[in-house]
Amino acid sequence: MAQLAIAGEASFLAHLQTVSPNACFQCNRCTAGCPLAAAMDLTPAEVVHYLLLGDREPVLQSQSIWACVHCETCTARCPQQVDISKLFHLARAMAWRTGRVAPDQAIATYFASFIENLYIYGRAAELPLTVICKLKSENYLQDFVLGLRLISRGRLNFLNIPRGAAHYRRLYERVRQQEAQIA
Amino acid sequence: MKRYAYYPGCSLETMACEYDVSFRNLCGQLGIALEEMRDWFCCGAGMLGNLSPLLGLATPLKNLALAHENGFGQVVAPCSACYSQFKRAAHELAEHPELRTQLEEVIEYPLDHSVEVLHPLEMLERELEGRALKVEADLGHLRVACYYGCLLTRPPKVVNFDDCEDPRSMDRLLERVGVATVNWTRKTYCCGAFYAMVNPSKVLELTRDILEDAAAAGANALAVACPVCHLNLDARQPEVNQAYGTDFSLPVFYFTQLLGHALGVPAEGLGLWRHVVDPQPLLGAGAAPVRA
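Which chain is which? The protein sequence lines are A and B, in order. Residues 5 to 187 (the working numbering) make up the first sequence, in order. Residues 50 to 341 (the working numbering) make up the second sequence, in order.
Calculated directly from the structure, the hints in this document are not laboratory data. The reader is advised that the hints may include incorrect statements.
[Stated by the list, open to error] The calculated lysine to any residue pairs, modelled on SDA-like cross-linking and capped at a C-alpha distance of 25 Å, are: (1) B:Lys251 x A:Arg33; (2) B:Lys251 x A:Gly151; (3) B:Lys206 x A:Asn26; (4) B:Lys251 x A:Ala36; (5) B:Lys251 x A:Gln146; (6) A:Lys140 x B:Asn248; (7) B:Lys206 x A:Asn32; (8) B:Lys251 x A:Leu152; (9) B:Lys251 x A:Ala116; (10) B:Lys51 x B:Leu83; (11) B:Lys206 x A:Pro83; (12) B:Lys251 x A:Ser141; (13) B:Lys183 x B:Gly333; (14) B:Lys251 x A:Asp108; (15) B:Lys206 x A:Gln85; (16) B:Lys251 x A:Ser66; (17) B:Lys206 x A:Thr35; (18) B:Lys206 x A:Arg81; (19) B:Lys206 x A:Gln84; (20) B:Lys251 x A:Gln67; (21) A:Lys140 x A:Ala43; (22) B:Lys251 x A:Leu139; (23) B:Lys251 x A:Gln109; (24) B:Lys206 x A:Ala36; (25) A:Lys140 x B:Phe243.
Using the sequences and the hints given, assemble the complete structure.
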């Protein structure tokens with residue numbers, strides 16, 4: 005039965021079946037259109053090929069799964085309807101859940117900050133989120149000027165504390181319970 | 050009168066507050082009833098799926114359930130990321146009906162209903178079809194490159210929005226109020242989105258390509274429909290100039306600001322002063338040639 009948990013290897017494979025990487029015939033259209041291919045160690049087509057061969061480890065340890073921003077160009081253009089963007093998402097979740105994230109992986113720090121922030125506020129509180137993310141990744145000065153520009157235009161401020169946490173926290177806890185049952 | 054549930058999304062409360070205010074005022078001007086959803090929370094922005102695919106799908110579905118519970122059949126989501134999350138969740142549910150029970154259990158709401166999710170571009174095209182528009186400001190000197198970005202148009206089988214390689218809906222709406230739009234190639238190229246958080250130089254490169262292409266096509270401004278596109282194209286424009294020795298000074302509007310301005314929303318109701326590249330001289334002073 006397809007259940008949406010990713011903690012176990014088996015459910016990861018069940019997901020891969022639904023995305024069917026085996027339809028790929030390596031035309032490389034996904035790679036040709038990828039705006040972030042230059043920041044990847046494995047091209048999108050190579051990622052799909054590894055998954056097709058059942059060789060997941062190189063994918064889970066790659067830089068590529070952390071460089072993808074899900075612009076969906078690959079998925080939109082694949083002549084075989086392989087949902088490449090979704091494969092990247094699943095591989096990233098698998099890598100995260102099984103502790104394969106490299107400690108210096110800054111984007112993972114951003115994802116973690118985002119998810120913690122959401123648990124507190126229920127909505128993305130952009131200023132605290134950015135500050136926490138920069139502190140955690142020790143990028144103290146990066147985007148400092150940009151931040152000041154936005155603050156001076158009233159587009160980032162500490163006064164705007166979002167609401168909406170109650171529904172989100174309840175949902176989060178229910179998902180955790182479900183996943184604990186499946187795992 | 051038809052009521053639309055309005056799901057502003059997190060960015061429209063802060064970083065993109067001018068998108069929010071200009072959209073609300075535009076709807077007010079046009080007599081379209083927007084009602085902000087009660088108790089809405091973040092759609093997950095594609096981030097939650099990194100931790101848990103179940104949470105990633107349940108979060109947008111719970112928000113849609115809240116809209117349905119409050120009697121709405123249509124939700125308007127101006128942020129491309131929110132829009133895409135809603136569309137993606139509905140698509141996954143339709144493709145994988147076996148997930149329904151599990152999702153119903155976590156969101157505590159039956160999934161036997163359907164709530165239509167609309168981007169303001171779709172909603173406005175629908176609302177304004179066949180309607181005579183009273184244009185109050187002449188914007189004939191503008192040459193606008195409409196930038197659609199990624200998530201609004203892709204993947205087509207999920208969002209089913211316009212033509213995914215050559216969308217035209219924003220062009221059509223702006224042309225109706227006398228704004229000329231340009232033909233250009235990078236209207237759906239990715240700006241790098243949140244990758245800017247960790248690797249700004251890559252994003253500056255992608256952003257420069259977009260600005261360069263718009264300028265080469267003769268545009269003196271861009272129009273966007275997404276907070277992250279706006280952040281990268283407008284707020285990072287000085288950084289692009291610094292990194293590449295360019296001298297871009299291309300105002301980046303939310304399309305709602307241009308429509309609002311043309312249709313008579315007062316300037317203070319459009320949030321134009323919040324932009325990094327000041328768009329006010331171009332709007333006010335007639336044709337002002339910008340770097341070709």
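Task: Restraint status (C-alpha distance of Lys206 of chain B to Pro83 of chain A at most 25 Å) - done: holds, 13 Å
Task: Given pair status - Leu83 of chain B, Lys51 of chain B, alpha carbons within 25 Å - done: holds, 9 Å
Open item on the list: Would the hint linking Lys251 of chain B and Arg33 of chain A be met if the CA-CA limit is 25 Å?
Closed with: holds, 21 Å
TODO: Measure nothing beyond the straight line between the CA atoms of Lys251 of chain B and Gln109 of chain A; if it is 25 Å or shorter, mark the hint as holding.
DONE: Within the cut-off at roughly 16 Å; holds.
- [ ] Below or equal to 25 Å on CA atoms is what counts here, so check Lys206 of chain B against Arg81 of chain A.
- [x] holds, 11 Å
Open item on the list: For a C-alpha distance cap of 25 Å, please report whether Lys140 of chain A and Asn248 of chain B respect it.
Closed with: It holds: about 15 Å lies between the C-alpha atoms, which stays within 25 Å.
TODO: With a cut-off of 25 Å on the C-alpha distance, tell me whether Lys206 of chain B and Gln84 of chain A pass.
DONE: holds, 13 Å
Open item on the list: Hint check: Lys251 of chain B vs Asp108 of chain A, CA-CA at most 25 Å. Holds or violated?
Closed with: holds, 18 Å
- [ ] Please work out if Lys251 of chain B and Gly151 of chain A have their alpha carbons no farther apart than 25 Å.
- [x] holds, 19 Å
Task: Given hint Ala36 of chain A paired with Lys251 of chain B - CA-CA distance at most 25 Å - done: holds, 17 Å
Task: Pair hint outcome, Lys251 of chain B versus Ser141 of chain A [Cα-Cα no greater than 25 Å] - done: holds, 18 Å
- [ ] Could you grab the alpha-carbon distance between Lys206 of chain B and Thr35 of chain A and see if it respects the 25 Å cut-off?
- [x] Holds, because 20 Å separates the two Cα atoms, which is no more than 25 Å.
In this structure, every one of the numbered hints holds.
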